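Now for the letters of each chain:
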Amino acid sequence: MPEEVTLTIDGKKITAKIGQSILEAAEENGVYIPHLCALQELHSTGACRVCMVRIDGRYSASCTQPVSDGLQVEVESDELLEIRKMIVEMLFAEGNHFCPCCEKSGNCELQALAYRLGIDSVRFPYQFPQREVDAEHPDVFIDHNRCILCGRCVEASRNADHKTALEFIGRGKNKRLAVTGIVDLDRADKAVSVCPVGAILLKRQAFQVPLGQRRFDHEPIGAEVESRNPEVRTP
Amino acid sequence: MSTKIVIEPVTRVEGHGKVTIHLDDMGNVDEARFHIVEFRGFERFIQGRPYWEVPVLVQRLCGICPVSHHLAASKAMDAVIGVDTITPTAEKMRRLMHYGQIYQSHALHFFHLASPDLLFGFDADASQRNVIAVAQEFPQLATQGIHMRRWGQQIIEATAGKRIHGTGSIPGGVNKNLSLEERDRFLADLDQQLQWAREAVAIARDYTMEHLETARGFAAFPSNHVGLVDDEGVLDLYDGRLKAIDPDGEVIFEGMEAHEYSDYLAEEVRPWSYMKFPFIRSLGPRRGWYRVGPLARVNLCRRMGTPEADAAREEFMALTDGKPNHLTLAYHWARMIELLHCAERIGELLDDPDLQGDELTTSGEFRGEGVAIIEAPRGTLFHHYRVDRNDQVTMANLIVSTTSNNEAMNRAVTDVAEKYLSGQRITDGLLNHVEVAIRAYDPCLSCATHALGQMPLSIEIVGPDGAVLASRLKG
Numbered sequence: 054m055p056e057e058v059t060l061t062i063d064g065k066k067i068t069a070k071i072g073q074s075i076l077e078a079a080e081e082n083g084v085y086i087p088h089l090c091a092l093q094e095l096h097s098t099g100a101c102r103v104c105m106v107r108i109d110g111r112y113s114a115s116c117t118q119p120v121s122d123g124l125q126v127e128v129e130s131d132e133l134l135e136i137r138k139m140i141v142e143m144l145f146a147e148g149n150h151f152c153p154c155c156e157k158s159g160n161c162e163l164q165a166l167a168y169r170l171g172i173d174s175v176r177f178p179y180q181f182p183q184r185e186v187d188a189e190h191p192d193v194f195i196d197h198n199r200c201i202l203c204g205r206c207v208e209a210s211r212n213a214d215h216k217t218a219l220e221f222i223g224r225g226k227n228k229r230l231a232v233t234g235i236v237d238l239d240r241a242d243k244a245v246s247v248c249p250v251g252a253i254l255l256k257r258q259a260f261q262v263p264l265g266q267r268r269f270d271h272e273p274i275g276a277e278v279e280s281r282n283p284e285v286r287t288p
Numbered sequence: 021m022s023t024k025i026v027i028e029p030v031t032r033v034e035g036h037g038k039v040t041i042h043l044d045d046m047g048n049v050d051e052a053r054f055h056i057v058e059f060r061g062f063e064r065f066i067q068g069r070p071y072w073e074v075p076v077l078v079q080r081l082c083g084i085c086p087v088s089h090h091l092a093a094s095k096a097m098d099a100v101i102g103v104d105t106i107t108p109t110a111e112k113m114r115r116l117m118h119y120g121q122i123y124q125s126h127a128l129h130f131f132h133l134a135s136p137d138l139l140f141g142f143d144a145d146a147s148q149r150n151v152i153a154v155a156q157e158f159p160q161l162a163t164q165g166i167h168m169r170r171w172g173q174q175i176i177e178a179t180a181g182k183r184i185h186g187t188g189s190i191p192g193g194v195n196k197n198l199s200l201e202e203r204d205r206f207l208a209d210l211d212q213q214l215q216w217a218r219e220a221v222a223i224a225r226d227y228t229m230e231h232l233e234t235a236r237g238f239a240a241f242p243s244n245h246v247g248l249v250d251d252e253g254v255l256d257l258y259d260g261r262l263k264a265i266d267p268d269g270e271v272i273f274e275g276m277e278a279h280e281y282s283d284y285l286a287e288e289v290r291p292w293s294y295m296k297f298p299f300i301r302s303l304g305p306r307r308g309w310y311r312v313g314p315l316a317r318v319n320l321c322r323r324m325g326t327p328e329a330d331a332a333r334e335e336f337m338a339l340t341d342g343k344p345n346h347l348t349l350a351y352h353w354a355r356m357i358e359l360l361h362c363a364e365r366i367g368e369l370l371d372d373p374d375l376q377g378d379e380l381t382t383s384g385e386f387r388g389e390g391v392a393i394i395e396a397p398r399g400t401l402f403h404h405y406r407v408d409r410n411d412q413v414t415m416a417n418l419i420v421s422t423t424s425n426n427e428a429m430n431r432a433v434t435d436v437a438e439k440y441l442s443g444q445r446i447t448d449g450l451l452n453h454v455e456v457a458i459r460a461y462d463p464c465l466s467c468a469t470h471a472l473g474q475m476p477l478s479i480e481i482v483g484p485d486g487a488v489l490a491s492r493l494k495g
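First to last, the protein sequences are chains R and L.
For the first sequence, the positions run 54 to 288 when this note's numbering is used.
For the second sequence, the positions run 21 to 495 when this note's numbering is used.
Worth flagging that the hints you see were computed from the coordinates, not collected in a lab.
Keep in mind it's a predicted model, so treat the numbers as computed, not measured.
Don't take each hint at face value.
Unchecked claim - Calculated cross-link-like contacts (lysine to aspartate or glutamate; reagent style EDC-like; alpha-carbon spacing at most 16 angstroms):
| hint | chain 1 | residue 1 | chain 2 | residue 2 |
| --- | --- | --- | --- | --- |
| 1 | R | Lys-256 | R | Asp-214 |
| 2 | R | Lys-256 | L | Asp-411 |
| 3 | L | Lys-182 | R | Glu-279 |
| 4 | R | Lys-256 | L | Asp-211 |
| 5 | R | Lys-65 | R | Glu-279 |
| 6 | R | Lys-65 | R | Glu-142 |
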């Protein structure tokens, strides 16, 4: 069985390793597919749906779809861009995301993605949900207002930290992150460092990095991926 | 039949307010009130937020002097986390930020908000009495104002990270120092800025001296004055101890530390305004009201602490034989003396190698409560917080400069209304005289109520039965 397969992304042929997801293969070839839940070192769950692409005409989350030979993948189209924007706008509308005073601003993947996708207003009505802040941990601050339920922290706690310090509870719009209390969350846990937004933060670290030196101050999200192949750029 | 006149909105002030003038049965002014019609609620909605977010969050009270709130909150949070002394680099970076901010704010007020009144007269036609006409007829002055404001804003940017709502000051210190490139950029403009600041003092002084008779009859009344000074009694805009003097310049209290503020000052609520009325506790609400801001500070300090501003202050104090100056219109002159003082202080700091230091933060033993006082451009600003063991804010109390000037502005409005109101017809002249009196205090109404929403000045005439007989809206 061959170890590599060939597929096309937006008409361009690329090679990928068997077992890779379409998202991973695209990134390796310098094609950035916007995403919020997938993280290279974690198992992808397809939770955020932002990495939606069309594969042989079918819509699918590229982070959970494995590569196979001859696939025709569409990443960049007006329709897909619109879908991504809608998903990101929904995330903004359903939480309480106040960038101006959020310490994650400039390092936040949700904010960076909104900038990259050109979202300057949200088409959906803001829900302004009543959500709690959990500050009981001595070193970790959890702000449910900003949680987008991507599941990175839950996944990291289970499979990287080998704990079940964090889990989801509730269903539908009542779903939320919870500290299980079964084992202690530690400030050094992977689960604490993978949050794409400002929902899980180490306490007393805020605003220590000056403006102009934050992660997305100079380059948009995805620029690092695209630098691997300067000819390709996805909006 | 008694009547009420309403002016709404008051223009060329920061925020939205209105004036009501109550007339008695004879058509004479009974009382005039300056209302702030905003409501915001910062003190409530920061409850539950982590303390480190507060300096960045509360500065959004204001887009004009956010640095004052940013620094006051940082200083209060220093105390909350048990830091009594920050590193020299941190203190000097914060001071530089603060002087840059007062410099730009004073320049904005003088050259763009107040200048139309001073250059064209209080009675000038409204089509002329605005910043556009200033730009057309006095282009050099208008441009100079813009350049001065820009220099101050650039200093804020270099210290806070951006010109409005930066993040440079954090509990326990700052997050950056000043690079040599940044320093040299500001030094290159220093001489020009000092020269412009000297000229601004001269313009304000000459204006006051030439219009002394008007000024003496225009909202001039004795008052107490409150402000910060250092241990030697020298003006200190960033830190120090609170001092209060009476109308004759006698000390009411001095050496007051930030955490003692509620022993010395109290606030009264009146049902018609969202803005409270602070007063000196020992004198009570009727006699204890006071003024803050440039006039109060110049009046109550022993010295400004920088040579040129000291000389300018001496000239200012000579007018009243060393006693406190109580002319509302003298605020402009005092404000420009402070502008010059800030330029001099910025010059001193830029020469200080501590600004290039690397020790940015200090830590301490958590205390859970902190009070800080700072002199904002418009006057003394108090921030008081309590924080629980989970690092969440449980209580916040902010007393902003404009609030402290509340009684003074109301008296100024009453005084001007008594002198200039003739009958119940609201003339442009009356309208603007009232506004000139308010404007001298450079009030920031957003800050004063920690406000919500849009703010335009309205004048109303109200009868004894409460019916509005005439009103006029300015937007």
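Violated constraints from the hint list, given by number and in increasing order: 1, 3, 4 and 6
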